[in-house]
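> These are the residues of each chain, in order.
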Amino acid sequence: MSPPMGDSHKRFLQTMMSNGIISASRAAALHKHCCETHGAHYVADRLEEFINIINAHLQSLFMHIRKGMSEDDGLEYYALVNVTETDITRMASDYADNELELFRKTMDLIVDSESGSASSTDILNCADSLQTKKLKKKETEHVLNKFVQDKWLNEKDGEYTLSVRCIVEMEQYMRTIYQDLIKVCHVCHNIALQCQMCENPICGIKVHLPCVARYFRARSDPRCPECSDFWPHEIPEIPHSQSQSSQSLPSSSRESTAPTPSRRSRRS
Amino acid sequence: MSQKKRAVSASQSKTQRRSQVSLDEDDEAANFSQITSSQVQRARENFTPDQIDRKVAEVVQFILIKDQKKIPIRRADIGKHVIKEYKAIYTEIMNRVCRKFDQVFGLKLVEIDPKSHIYILINKLEPIHGEPVSMRPGNPKTGLLFVILSVIFMKGGVIKENLVWNTLKKLRVDPGEKHDEFGDVKKVVTDEFVRQKYLEYVKIPHTEPVEYEFRWGLRAEKEVSKLKLLEFVGELFDQDPQSWTQQFREASAAETSSQRA
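Line by line, the protein sequences are chains H and A. The first sequence begins at 7 in my numbering and counts up one residue at a time. The second sequence begins at 3 in my numbering and counts up one residue at a time.
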């Protein structure tokens, strides 16, 4: 039997429940905070063990705290997921039927696309042909905002991508629904929507941008791990991991506001 | 427990018992009190331990989802939507559900309305210093609610609505105007907080034009530590909480009775 959950574990779980998803650095800070609040023995860097205890107890409830990587910043996140869900029922209680249908269609567009994103124009067109009940332009914009606020989608310059929360929570559902149609990263084997692709027509493997950064770190002659062809894309910089404190310090290095060449290739 | 006694006599005269059950309860709820011990036995044999485990998990999920929106959970709903054919072992399932909430989440399932069997989930963990109301962390409405609960408590437990609106106006939250953070303030206070059982908004009889008064709701009674609230008010006015003797007495009494529960 796994050790019983202490108050520190319960508080961590309660916070996970109200946030849905948190970054790994925030999780580490939360771990410390929970242990200190309840006078529990705290050892830094033992977050995984701490979470394993919680997961052992969540197993019989078909829930799990799962770790995943964000396609955007390459950072790790922890999300509380429902293991039994074979559909997007996770969202069912918060959205109307036609809103859920729009989400499914948006997900279809994103999975189909090369860029791993869907434009607001394309989504608006879908809204016009929903089977449940059509959504008007204003209503669609409102729903899309809700999706972003509830952390299911990310939006940038009118393009929508699946958030890390969405991917971590719905990975199982997406693999079931899309089967071979969904791209998988050659390096980490998770679903890859925003990715770089090997240009060799008989190879065509896909790799997440943060995975590219890590795999090809400091290699002057990057080669495809599968077919050894030259890797033609711009290699992004390694994701800058945030400091351990709960507040992100103003970064002195790469994440500056000035556009860098590597940023441009991210949307290719 | 009394349920066992009722179960024995139920087999003798089902129809007689049905009429004795409160007319408020619908058929689903009425069935809960008529389970015989042999029905329980048969049910336990019909369902595998795995199936029962899964039912427990489903009930926990159901309650968590409802509670996320701060909607009180009706026992009849649990029976109709989740437990269904496992009704005979309802008690066993609910006992395990309560234990799960305690052991895994540090939450307590509390019946706030014993007549219509309505439950809420409250936080069993020690509230962090300066956090007398354990709402969603960082929810701005917590502050709003907290101010209102404080005023009601300090003024003896019931106040006319005007006092609430005037207090809020002094804090530049005008119920007549749309607020940046809270939107329709009047709706949040008189509808949302009331639905969530944090406040009661009751008509004062024989008033013309109609006037309303505010009291603490059932959820506030269970969730909010009056002692911690008084301590906070003390800090605000730089006074010893004990200087408000009546409120202090009430807060201390509430603290000991909730500890016993």
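The hints are simulated quantities; they were obtained by calculation from the structure and are not laboratory data. Please read these numbers as outputs of a predicted model, since none were measured by experiment. Hints may contain errors.
What the hints assert, rightly or not - In silico DSS-like cross-links for lysine-lysine, where the CA-CA straight-line distance does not exceed 25 Å:
{"no.": "1", "chain 1": "A", "residue 1": "71", "chain 2": "H", "residue 2": "152"}
{"no.": "2", "chain 1": "A", "residue 1": "189", "chain 2": "H", "residue 2": "152"}
{"no.": "3", "chain 1": "A", "residue 1": "72", "chain 2": "H", "residue 2": "157"}
{"no.": "4", "chain 1": "A", "residue 1": "110", "chain 2": "H", "residue 2": "152"}
Unchecked claim - Computed spacing ranges between beta-carbons, pair by pair:
{"no.": "5", "chain 1": "H", "residue 1": "138", "chain 2": "A", "residue 2": "71", "range": "39 to 45 Å"}
{"no.": "6", "chain 1": "H", "residue 1": "42", "chain 2": "A", "residue 2": "258", "range": "25 to 31 Å"}
{"no.": "7", "chain 1": "A", "residue 1": "43", "chain 2": "H", "residue 2": "118", "range": "53 to 59 Å"}
{"no.": "8", "chain 1": "A", "residue 1": "97", "chain 2": "H", "residue 2": "223", "range": "53 to 59 Å"}
{"no.": "9", "chain 1": "A", "residue 1": "55", "chain 2": "H", "residue 2": "51", "range": "30 to 36 Å"}
{"no.": "10", "chain 1": "H", "residue 1": "98", "chain 2": "A", "residue 2": "255", "range": "42 to 48 Å"}
Claimed, not checked - Here's a subset of chain A near chain H, in silico, CB distances under 7 Å, partners left out:
{"no.": "11", "residue": "59"}
{"no.": "12", "residue": "106"}
{"no.": "13", "residue": "187"}
{"no.": "14", "residue": "190"}
Note that CB positions come from ideal geometry on N, CA and C, so glycine has one too.
> Hints first: check each against the structure and report whether it holds.
Tested hints:
| no. | hint | in the structure |
| --- | --- | --- |
| 1 | A:71 / H:152 | holds, 16 Å |
| 2 | A:189 / H:152 | holds, 21 Å |
| 3 | A:72 / H:157 | holds, 20 Å |
| 4 | A:110 / H:152 | violated, 31 Å |
| 5 | H:138 / A:71: 39 to 45 Å | violated, 23 Å |
| 6 | H:42 / A:258: 25 to 31 Å | holds, 28 Å |
| 7 | A:43 / H:118: 53 to 59 Å | holds, 55 Å |
| 8 | A:97 / H:223: 53 to 59 Å | holds, 55 Å |
| 9 | A:55 / H:51: 30 to 36 Å | holds, 34 Å |
| 10 | H:98 / A:255: 42 to 48 Å | holds, 44 Å |
| 11 | 59 | holds, 5 Å |
| 12 | 106 | holds, 5 Å |
| 13 | 187 | violated, 21 Å |
| 14 | 190 | violated, 18 Å |
When the structure is compared with the earlier hints, violations turn up for hints 4, 5, 13 and 14 and for no others.
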